[in-house]
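Chains A and B are the protein sequences, given in the same order.
First residue of the first sequence? That's 22 in our numbering, and the numbers climb one at a time after it.
First residue of the second sequence? That's 22 in our numbering, and the numbers climb one at a time after it.
There may be inaccurate statements among the hints.
A pair holds if it fits inside one copy or across any two, identical chains being indistinguishable in the list.
Subject to a maximum C-alpha distance of 25 Å in a straight line, what follows is the list of computed DSS-like cross-link-like pairs (lysine-lysine) [what the hints assert, rightly or not]:
1) LYS522 x LYS282
2) LYS505 x LYS522
3) LYS41 x LYS282
4) LYS505 x LYS288
5) LYS522 x LYS288
6) LYS505 x LYS127
7) LYS41 x LYS165
8) LYS127 x LYS41
9) LYS288 x LYS127
10) LYS127 x LYS165
11) LYS165 x LYS505
12) LYS41 x LYS505
13) LYS165 x LYS288
To be clear, the hints were calculated from the coordinates, so they are not data collected in a lab.
Spelled out from the first residue to the last, the chains are:
2 protein chains.
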Amino acid sequence: MISSSTAGGTGAQTDERGWKVLAAQLRADSIRSTTAAASGHPTSSLSAADLMAVLVASYLRFDMAQPHAPENDRLIFSKGHAAPLLYAVWKAAGAIPDAELLTLRKRGSRIEGHPTPALPFVDVATGSLGQGLSVAVGMALAEKRSARGGRSRYWVLLGDSEMAEGSVYEALEAGAFYGLSGIVGILDMNRLGQRGPTMLEWEGEAYARRARSFGCEARVIDGHDLAAIDAAYAAAMRASSPTLIVAKTKKGAGVSFLEDKEGWHGKALDAAQASAALRELGYSEGAPPLTIGLRPSLSLPSVASMEAARATVRLPAYDVGTTVATRAAFGDAIVAVGDAYPRVVVLDGEVSNSTYTERFGRAHPDRFFEMYIAEQLMVSAAVGMQALGWTPFAATFAAFFTRAFDQVRMAAVSQATLHLVGSHAGVSIGEDGPSQMGLEDLAMMRAVHGSTVLYPSCANAAAKLTLEMANRRGIHYLRTTRGKTPVLYPPSEAFPVGGSKVLRGSDRDEVAIVAAGVTVHEALEAYARLNDLGIRARVIDAYSVKPIDRATLLDAARECPRGVGGAEDHRPAGGLGDAVADVFDGQPAPATVRLAVRLMPGSATPAEQLDDAGIDARAIVEAVDARHPR
Amino acid sequence: MISSSTAGGTGAQTDERGWKVLAAQLRADSIRSTTAAASGHPTSSLSAADLMAVLVASYLRFDMAQPHAPENDRLIFSKGHAAPLLYAVWKAAGAIPDAELLTLRKRGSRIEGHPTPALPFVDVATGSLGQGLSVAVGMALAEKRSARGGRSRYWVLLGDSEMAEGSVYEALEAGAFYGLSGIVGILDMNRLGQRGPTMLEWEGEAYARRARSFGCEARVIDGHDLAAIDAAYAAAMRASSPTLIVAKTKKGAGVSFLEDKEGWHGKALDAAQASAALRELGYSEGAPPLTIGLRPSLSLPSVASMEAARATVRLPAYDVGTTVATRAAFGDAIVAVGDAYPRVVVLDGEVSNSTYTERFGRAHPDRFFEMYIAEQLMVSAAVGMQALGWTPFAATFAAFFTRAFDQVRMAAVSQATLHLVGSHAGVSIGEDGPSQMGLEDLAMMRAVHGSTVLYPSCANAAAKLTLEMANRRGIHYLRTTRGKTPVLYPPSEAFPVGGSKVLRGSDRDEVAIVAAGVTVHEALEAYARLNDLGIRARVIDAYSVKPIDRATLLDAARECPRGVGGAEDHRPAGGLGDAVADVFDGQPAPATVRLAVRLMPGSATPAEQLDDAGIDARAIVEAVDARHPR
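Whenever a hint applies, use it, and build me the whole structure from the sequences.
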C-alpha cells in the first residue's frame, strides 16, 4: 500500500498511479543521495526504479520488525552499484530516515557505496557482479528442503553487464535443476555498461533464450511499463521454475538529459543538474514523502524442530597409531555434527567421494546439497544459506576454492559465517600433478578478513576442529590431506582455535620445528633423526594457522638458540611460514628457516613429491644440520 | 592417413575401418598407461576415443616439427583428466614413444597425470575444469585480428561435468560474439561425473540449446558413430560461429565391463582387468602400432610485419612534482609499448576507462580485446594468446582478479607469460567501499609460482615497470592506484625488477619505513614529521614486492637500531609485510612493525580511509614513536 503519510500500511495494492509516484520518489532520492555524496551511480539506479516501485509496493513480503526472519521475501541487489535505489526503496519502506539517505558514501554511514549487511535488510554484500542469483539459489534451496518448504520469494535485481559473468549461468542452471520457483531474477537491461554498450544491448530475447535453455522461465518486457511489470511479477509468482524477467530499460530513465546517454556511468549530478532533474521528476522539497506498507510475511509451518537445542555431538574417535586420512575424519565428524545440530548444511562441488561429504549426504540427505562443478555458485549459495540462519560447510579440493576467491572475499564483507573445507592439499596428493594440488590456499584464506585457518595433522584433530568450526561464527577454512596419516592425539585431546601442540620438546631444545598437517609427520621423523645426531628439536604442530599460537612460538624463539624453522606443503608466500614470521611483529625475530614448495611439481608418489619439494624429514634434518652447524 | 608402419603420412583420409582400428589403439594405450601407473582416468579416456580417432586421422592440421607454430591447429583437452587419451593420440602421431607412454604419472616423466606444456604439443595445462574453451577463445581472437586471419582450428575436448562451470558459458558467449568460427568444442557427454550422474546426463539437446542460445552452432551426435563424428567435424569446418558438438558417449566405451558403469571414475584397471580389456579391444602385444600422418598445417599469409624487430619504446615522461595516477601512467605506457612491440596485446574486463587500457584500445584497436565482465575468460584467453606468441596484458580492478585466481594458478602450471594489471588497489579508492577494493591481491599474486609482483608509487615508476614487464617472461602483476599521486622520480630513473629505492636516508638512520604504492607518500610525510621530532627515518620504496630487494632491507636491518617497519594498503597477511619478513629467512630478523588494513572498511574519502585503516603518515609516526620510545 502506498500512502503519503509516514504510517506503514499492511496490504498490497496494484495502483498504477501509486507506483508512478513511488517510482518518481525512488528516482529523486537516488539523485539526491548521490549528489550529496558527489559520487555513486544515479543512472544505474534510475533505470530500475519502475521495476522496484511495483515490486515493493505490491509484491515484496517483509516484516520490518524481523528483517532476518526466513518467512520474509528477500530482495538482493546483484547489481550492487544501484545501491542508491536500494536505499531509496528502504527509505520508502520506513527503514531509513531521509536524513540518513543523505549520508550516502560518507565516513561512518551505513549507507555505503555498495550494499553491506551493516543494514539489517541487506542479507549479503554485493558490488562484485554476478553473485546475487547464486546467493538466492542457496537461500531457496535450503528453505525448500526444510520444514518451511521454501514458499518465500527471492527477488534478485541484475544488471545486464553482469550477464557476461559465468557465475550467473551457474545459478540459472542450479536454480532450474532444483526447481527453485521462488527465485525471480529481474534483469535491468539498460544497454549501457561502464564504458559503453553491452554485448547484447537491447536484445532481450537473447537473454530470455539463454535463461530458457537452462530450464528457467523467461519473459521480455518494457521495464518502464508499470502494468507490464506487474503482469510479469504476477506470472513469476505462478512459475514452476526460476523466472528471469528481462526488462528493457533506459539508463538514467525519467530524466531527459540522462536517458540512454553514454558517459554517465558512476557519475553524480552536480547541484544544478540535480536541481533540473528533480524538477523534471516533480520532486518538491517540502512535500511529505511517500511511505510503502510492505505486504506481510507469509505464515510458514512451524520450524520448532529446526530450532531445537543442539544435542551433544558424538564425534568419531580414532585410536592413536592407526592411520586415517584427515579428509575422512572430517567426513565422519560432519555427520556427527549434523546429527546434533539441525541447522548444519553441507554443500559439495561434485567431489563428495573425495572430500567425504558423501557420508553427510547419506546421513542427512535433506541438508546435503550437490552443487556440481560450480565452485563460485557453491560458495555464494552457502553465503545465502547462512543469511537465513543455516550453518553451511562447503567442500571441494583445496585447489578449486581458488575458483571462488572473489566469493569468499565478498563473504567477508557480508560478515558471513561460512565453513570451507579443502581436501587434497599440497604436493602430498601425489600422482595427479599440480593442477589438483592446493598450494596457494593458505595464502588465499589467511588474507581474508577475519578468517580462521585450520590444518589438522591427524584424524582426531580434524574431527575436533570440525566441531570447533560448527560452534563458531565467521569464515573458517579447514585444510585436509588426501593420504592416510598416523593418528597422533587421543580422542580426548582438545584443539582450541589459536592453539598448537608441542609434540616433542624439553627445556633444553636447540631448535624448534613448526609444522602443520602432513609435515607434522615429517617433523616427527626429523626429530628422531636429529636426536640420533645429538640435536634436540622441539616439534610444534601449528594446527591453527590463523590465529597462530603466538605464546608457544615466542617461547620457542626465546628458548631454542638455533632458532625456529618451519616446513609446509604450500607455496613459500602467504602460508605457515609467513604466519610464523608475523608473530615476531614488533620485536626481533629468531633465525628462521622456511621449507616450502618452491618448485613446480610434476607427477610422482606422495613420498617422492615431499622429497622433491624439500619438505620431508630429510630436508628438515638437512636444514637444521647444514644451515646451523654446531 | 593411418598406416601400421612407423613412417608418418601426409594427407587426410576418411576411412571408417582405419578410424576404428585407431580408436581401438587409443583405448588400449589409455588402459596400458593407466594400469602401468596404477592410477589415472582410463574410463574418461575411453569415452572420447572415437571422437579423437576421427579428429586426428582426418581433420587436425599439425606440423610436428614446429609444434608451436600458429599455423597449426590446436588440440586442447579441457577435460585434462583424459590425459591418457591425449598421450595415446600423440603416440599415434609419432610424438611419444610407446615406452614413454608407460611412464605415465611417474616421477620425472613428461607424461603427467594431467597435461602440461612439459610436452611441446600441449599449449596450456589443464586439469582444473572449464578453462579450455576460454583458452581457445584467446587463441582464435588474437589470430583472427592478426595478419594471419585466424584460419586455424581450435579443437577443444570438453567433459560433461565441466559444463556446470560458468566459465564455459563465458567462452561460448565471447566466441559467438566475436564470430570465432575456428573453435570447435567437442563435448564428450558420457553421463557420469566423478561421483555419479551429471545434471543433464544424456540430454544432449539441452546442451545444444544452451550453446545455440549463446549464438554458437550445435549438433548432437552419437559419439561412437564414426561416420556421424566425421559429418559433424565436416559441418563444423563450414560453420560461421563456434560449434559445440554434443557427442553422446559411454564412459568406458569399448570395454564391456566398464561401459556406462558407476564407480570407475579415476580408477586404473588391475593387471587382470587390463588384460581382459585389451583382449576385448583386439590388442596384441607384438603387433606394430598404427601411426597417423597428420594433415599438414595451413599455409598462412606472411606475418613478417608481426615478427619485426622491436622498435625503441618512447615511454611517457612525467615531471617530478606533478600529480598523476599510476593507473593513467600504465595506460600511457602500454600505448608506447604497443607502438614498438607488435606482439603486445591488451585485454580488459569492461573497465577500460578505469584501468586506462582504453588508450591502448584507441591506439591499437586490432590488438585490444574487450572481454566484458568475465574475468575468468579474460585470464584464460590471455593464456591462450601467449601460447601463440603474443604478449598479453590483462587489466581489471585488483579486487576482481580474485575472480580468476584458479586461472592464474593454472597459468603458472602452463609456464605462461602473462602480465596482469590490477587498478583501484586498497582502501585508497575511497567511497566505493570494500567490494571494489583490492586488499587481498598481493597475497594472491605472491603465492603464484614464479610470479613477479610490482607496485609503483609514481607515474614514472609505473611507466618503466610496464616496459620492464613487456621485456620479461613469466607471470607479472602490476598494482596501480586509483587516485593521483605526486611524481617522485625523474623519467630517467630505472626500476629493475628486484630493486627498491631509498627515498630518504642517511648513515645515522634510527628506523626504516618500508612502503609501496600509495603508502610511499605517507611514509615521506611521516619522515618529515619524525624529523621534526628528532627521529631520523629511512624511507624505502619497495616497488618490487616479489622479488623484494633483499640487500637493501638487510642493510636497513643492520643499520637502523629501532628496526624496520612497514605500511601497506593491503590485508596484513600475504602482502608487503610478509614479503619483508621473508627476507630474514635464515637469520635473526630486526624488530618490525606492520601497518596494514586490519578493519573492514566502509565508505569514506581516500584520506579518511587511510586514516581509519591506520596506514597513513600519522599512524606511521605513532608506530615509530610509541612502540619504540627513545
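query: How do LYS41 and LYS505 come out at 25 Å by Cα distance, when the copy is not named: within, between, both, or neither?
result: Answer is neither: 65 Å inside a copy and 43 Å across each miss the 25 Å cutoff.
- prompt: How would you label the pair LYS505, LYS127 (within, between, both, or neither) given a Cα cut-off of 25 Å?
  reply: between (53 Å within a copy, 21 Å between copies)
task: Pop the pair LYS165 and LYS288 into one bin, within, between, both or neither, using alpha-carbon distances up to 25 Å.
output: neither (41 Å within a copy, 36 Å between copies)
query: Is the C-alpha distance from LYS165 to LYS505 at most 25 Å within one copy, between copies, in both cases, or in neither?
result: neither (37 Å within a copy, 50 Å between copies)
query: 25 Å Cα cut-off: does LYS505 pair with LYS522 within a copy, between copies, both or neither?
result: Answer is within: at 20 Å inside a copy they meet the 25 Å cutoff, but 49 Å across does not.
field: 25 Å Cα threshold - placement of LYS288 relative to LYS505
entry: between (57 Å within a copy, 18 Å between copies)
query: Is the C-alpha distance from LYS522 to LYS288 at most 25 Å within one copy, between copies, in both cases, or in neither?
result: neither (55 Å within a copy, 37 Å between copies)
message: Reference check for the pair LYS288 and LYS127, CA-CA at most 25 Å: within, between, both, or neither?
response: within (16 Å within a copy, 58 Å between copies)
message: If the cut is 25 Å between Cα atoms, do LYS522 and LYS282 qualify within a copy, between copies, both or neither?
response: The answer is neither: 63 Å in one copy and 46 Å across copies each exceed 25 Å.
query: When no copy is specified for LYS127 and LYS165, does a C-alpha distance of 25 Å or less occur within a copy, between copies, both, or neither?
result: neither (39 Å within a copy, 48 Å between copies)
query: Should LYS127 paired with LYS41 be assigned to within, between, both, or neither, using CA atoms and 25 Å as the limit?
result: neither (30 Å within a copy, 70 Å between copies)
field: Alpha-carbon proximity context of LYS41 and LYS282, limit 25 Å
entry: Intra 23 Å, inter 60 Å, cutoff 25 Å: intra-copy only.
In the structure shown, a violation is registered for the earlier hints numbered 1, 5, 7, 8, 10, 11, 12 and 13, in ascending order.
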